[in-house]
Every structure is written in C-alpha cells, then in structure tokens.
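**Q** Sequence:
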Amino acid sequence: MVSLDKAVLLVGKNSSKIDLSITLLLLVVALLLDLCAFGELLLSDQTAYWLIKHKKTAMLQIIKRIRPMIPANWGRKGKRCSKTLEQLSLLSFSLATRKNPLFCLRILKLLGIEETVEIYWYKSITTPPDQSSWEDLPELFVREVTAIRSWAESNDKGTDLKTLYGRRGGLALEKYDLSSDLEWSVTMEFEQSILVWHLATEISHQLEYRGPPDERDLVMFVRARGKNMSRYMLYLLIEHPNMLPIGRGQIKFRDLYSDLGNFIERIISKPFKDVTEKEASEKLEAMGKDGNMLVEGGDMSKLVISKGCELASALEELREATKWIIISDVWMEMLCHAASHCKGRIHAQQLRRGGEYLTHLWLLMAHLGYTDHFQIPRSRAIAKAVLR
Numbered sequence: 001m002v003s004l005d006k007a008v009l010l011v012g013k014n015s016s017k018i019d020l021s022i023t024l025l026l027l028v029v030a031l032l033l034d035l036c037a038f039g040e041l042l043l044s045d046q047t048a049y050w051l052i053k054h055k056k057t058a059m060l061q062i063i064k065r066i067r068p069m070i071p072a073n074w075g076r077k078g079k080r081c082s083k084t085l086e087q088l089s090l091l092s093f094s095l096a097t098r099k100n101p102l103f104c105l106r107i108l109k110l111l112g113i114e115e116t117v118e119i120y121w122y123k124s125i126t127t128p129p130d131q132s133s134w135e136d137l138p139e140l141f142v143r144e145v146t147a148i149r150s151w152a153e154s155n156d157k158g159t160d161l162k163t164l165y166g167r168r169g170g171l172a173l174e175k176y177d178l179s180s181d182l183e184w185s186v187t188m189e190f191e192q193s194i195l196v197w198h199l200a201t202e203i204s205h206q207l208e209y210r211g212p213p214d215e216r217d218l219v220m221f222v223r224a225r226g227k228n229m230s231r232y233m234l235y236l237l238i239e240h241p242n243m244l245p246i247g248r249g250q251i252k253f254r255d256l257y258s259d260l261g262n263f264i265e266r267i268i269s270k271p272f273k274d275v276t277e278k279e280a281s282e283k284l285e286a287m288g289k290d291g292n293m294l295v296e297g298g299d300m301s302k303l304v305i306s307k308g309c310e311l312a313s314a315l316e317e318l319r320e321a322t323k324w325i326i327i328s329d330v331w332m333e334m335l336c337h338a339a340s341h342c343k344g345r346i347h348a349q350q351l352r353r354g355g356e357y358l359t360h361l362w363l364l365m366a367h368l369g370y371t372d373h374f375q376i377p378r379s380r381a382i383a384k385a386v387l388r
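Counting from 1, one number per residue, gives the positions in the sequence shown under the UniProt record's numbering.
No wet-lab data here; the hints were simulated from the structure. Virtual Cβ for every residue (Gly too), placed ideally from N, Cα, C. Don't take every hint at face value.
To be verified - Okay, derived cross-link-like pairs now, DSS-like style, lysine-lysine, Cα gap no bigger than 25 angstroms in a straight line:
(1) Lys302 with Lys123
(2) Lys283 with Lys99
(3) Lys278 with Lys289
(4) Lys109 with Lys270
(5) Lys273 with Lys283
(6) Lys283 with Lys302
(7) Lys270 with Lys283
(8) Lys252 with Lys99
(9) Lys343 with Lys99
(10) Lys109 with Lys302
(11) Lys252 with Lys175
(12) Lys99 with Lys109
(13) Lys278 with Lys123
(14) Lys123 with Lys252
(15) Lys273 with Lys109
(16) Lys278 with Lys302
(17) Lys302 with Lys270
(18) Lys99 with Lys302
(19) Lys273 with Lys302
(20) Lys252 with Lys283
(21) Lys64 with Lys53
(22) Lys123 with Lys273
(23) Lys123 with Lys99
(24) Lys283 with Lys109
(25) Lys302 with Lys252
(26) Lys302 with Lys289
(27) Lys109 with Lys123
Unchecked claim - The following label-pair restraints were derived from C-beta to C-beta distances:
(28) Glu139 with Lys278: 43 to 49 angstroms
(29) Tyr176 with Met59: 47 to 53 angstroms
(30) Gln250 with Arg210: 32 to 38 angstroms
Assemble the whole structure, with the sequences as input and the hints as a guide.
**A** See the structure below:
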C-alpha cells in the first residue's frame, strides 16, 4: 500500500506515463500474487490442522463453506497423489550425457552443481511423458504375499514376511533354484544391489524377445512392470536416498553414468551419436560373459557396471518368461524391504506431497501387520496409534 501511495504521488510530477503504467501494473500483479498465496495458505492442510489442534471450529466451518466454491485443484499441480512411478534410467542417462553435453558444464563444475543440473535436465528429456501407473501394484503386492506365504509354508521357511522380505530378492532366487548362482547380487550393499539389478534390467529390456509367440503378451506385461519398478527404485536412490536403508551412499550417480558412457563408447566401433540403447545393451550383455574385462581399477562404479553386465548375461540363459518373473519378484522384494526400513517420520513427510508409492506400500504393509512402525497402546477409552 505504501508503494501504491508513492506511485499515486508521481502522477502530478514530470514522470513518464509508460513508466507509471508499468509500475502500477507490477504493483497490481504483486498484490494478486500475495492474495493467491494467502488463499493457498488458508485452504491448506497445515491451516486445517492448526485450527483443529487449537479448537478454532468457527473459522474451520467458514473455510469448509468457502472450499466448495474453489476449483478442486486450485493451488495444486494436478491431483494430490498422481499415482505414477517416477522413472530414471541409467542407460538412457549414460547415452544422453555423451550425445548432448550441457554447454555450460565448466561453469556448473565451478559452482559444484553439475550433477544436480544434469539430473534435472536429462531426466526431462529421457523420461517418457506417460509415466507408469502404480494403481495395479497394491493388488500385485497382496497376490504376491499370498503366494509367498503358501510357498514358505510348503517349504518350511516360516511365514514371518518381515524376515522373508529382509532377504531383498533372495527369496525369488531361491524359489527358482538360482541362489547358488546369483545370490551374490542380493547380498551386496543395498545400494549396490539396486544399481546392479537396475543395469541388468535395463539391458534385458532392450534385448529382443525370444520366447514363444503365445506367451508374448503376458511376458511383455511382466517385463514392463519389472522395468518400471527398476527405474522407480533408481529414482528413489538418486532423488530420495533418505527413504532407502543405504547408509552413507558410496557411489556418485554422475560417476556411474559417466563411466558407463565411456565404456560403451570404447566397445562400440561406430560414432557415438548413432549408438542406440539396443545396440549398447547387446554389447554390454556380450561383455558380461567375461565380467573381469570390465573392471579397470577398483572404484565402486566400475564394479557395479561389471556386475550388472554379468547379471544380465546370466539372466539371458533363462526362459524369457522365467527371467522376467524373477526380475519382477526381486524388485517387489526390494521395494518391500525399502518400505519397511524407511523411518516413519520420512514416510509422513512424503504424505504431505501426496506420497511416494513406497509410502503407500508401507501403509498397506502396516495395515496387513507386516511392519512394526505402529504401536497401538490399549486404554479404557481409546486405542491410540503412535507413529514411531
């Protein structure tokens, strides 16, 4: 208001009408933005929570009467919960960063923000616009729990799902008698297991379907599901590492996709700008048959690349349907392991933004009694849920 008063005083002076018009326009826009921000705050969940906590019921009733007059999504970017799985692909990143390097990379390095900018930029150009929906995944989880319980009971493995899912994919390998060959891939550090299985999944997804025609539709469905869960887990590892039980995190994502891009450029004898993801995957799978060839030096990113290619090569020896069922089951086990080991307060923070799928899976597991994040102390009057 003070600025508006100053602007009015300028009318009688030797001021340009254009300058005055621009000033008034900017003031009006600023005022409208402040009003919008106030409206968003007034209709927010935080305000409703504060009013309920302090028993301001009269004000709460006024807001409830105003709310129906406001568009449902006003002040929000779409729905509260998008029900989509965010996706990140290591293979896509490694090719995109080599083919289309950022023009200001040196400046970004000086500022120490090159990895953040690269992830933001290349994620926008490598992620498909039709993000994967997770609406069918809760049902898949319930079906898998039923199947796991039946299998565990018949094989004297017990029925404690917290213990079974603590194996992070080992159960799926044991079901298909692959523990002796591939157990190393799920007994590594959790961060390494995610990256190794992600790279193997990306390579397998790019290879040609080689199963019988009558199984193609089913395999393609399971294949897409496994790929989507793989890319979602990488997204969590890079953008929400605090939701995963990975400790300090020893591998820098930028080092990993840079090393992978360098390796692909070295093993493919054609201009890198013409290399497709399918061609790169075929070469990586072939090199995986001799994993020792990939490790140059002892850093962790090269070890992950080596083991990822080795795992992809081992999976290619299985039937197409079996391979993708195992991949999908391993990722579901890893998701459940991550969900049950994430702290309750971090899940609660995610719910303010609609919630990651991992948080919704955690709530489903809690509802079914497969996590210990909720305690229900009993009293005479009320059973109060306490979030740890």
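**Q** Against this structure, judge whether each hint is valid.
**A** Against the structure, the hints come out as follows:
no., hint, verdict
1, Lys302 with Lys123, "holds (22 angstroms)"
2, Lys283 with Lys99, "holds (18 angstroms)"
3, Lys278 with Lys289, "holds (17 angstroms)"
4, Lys109 with Lys270, "violated (29 angstroms)"
5, Lys273 with Lys283, "holds (16 angstroms)"
6, Lys283 with Lys302, "holds (16 angstroms)"
7, Lys270 with Lys283, "holds (12 angstroms)"
8, Lys252 with Lys99, "holds (21 angstroms)"
9, Lys343 with Lys99, "violated (39 angstroms)"
10, Lys109 with Lys302, "holds (22 angstroms)"
11, Lys252 with Lys175, "violated (33 angstroms)"
12, Lys99 with Lys109, "holds (19 angstroms)"
13, Lys278 with Lys123, "holds (19 angstroms)"
14, Lys123 with Lys252, "holds (16 angstroms)"
15, Lys273 with Lys109, "holds (24 angstroms)"
16, Lys278 with Lys302, "holds (21 angstroms)"
17, Lys302 with Lys270, "holds (23 angstroms)"
18, Lys99 with Lys302, "holds (21 angstroms)"
19, Lys273 with Lys302, "holds (23 angstroms)"
20, Lys252 with Lys283, "holds (24 angstroms)"
21, Lys64 with Lys53, "holds (16 angstroms)"
22, Lys123 with Lys273, "holds (18 angstroms)"
23, Lys123 with Lys99, "holds (14 angstroms)"
24, Lys283 with Lys109, "violated (31 angstroms)"
25, Lys302 with Lys252, "holds (11 angstroms)"
26, Lys302 with Lys289, "holds (16 angstroms)"
27, Lys109 with Lys123, "holds (19 angstroms)"
28, Glu139 with Lys278: 43 to 49 angstroms, "violated (32 angstroms)"
29, Tyr176 with Met59: 47 to 53 angstroms, "violated (60 angstroms)"
30, Gln250 with Arg210: 32 to 38 angstroms, "holds (36 angstroms)"
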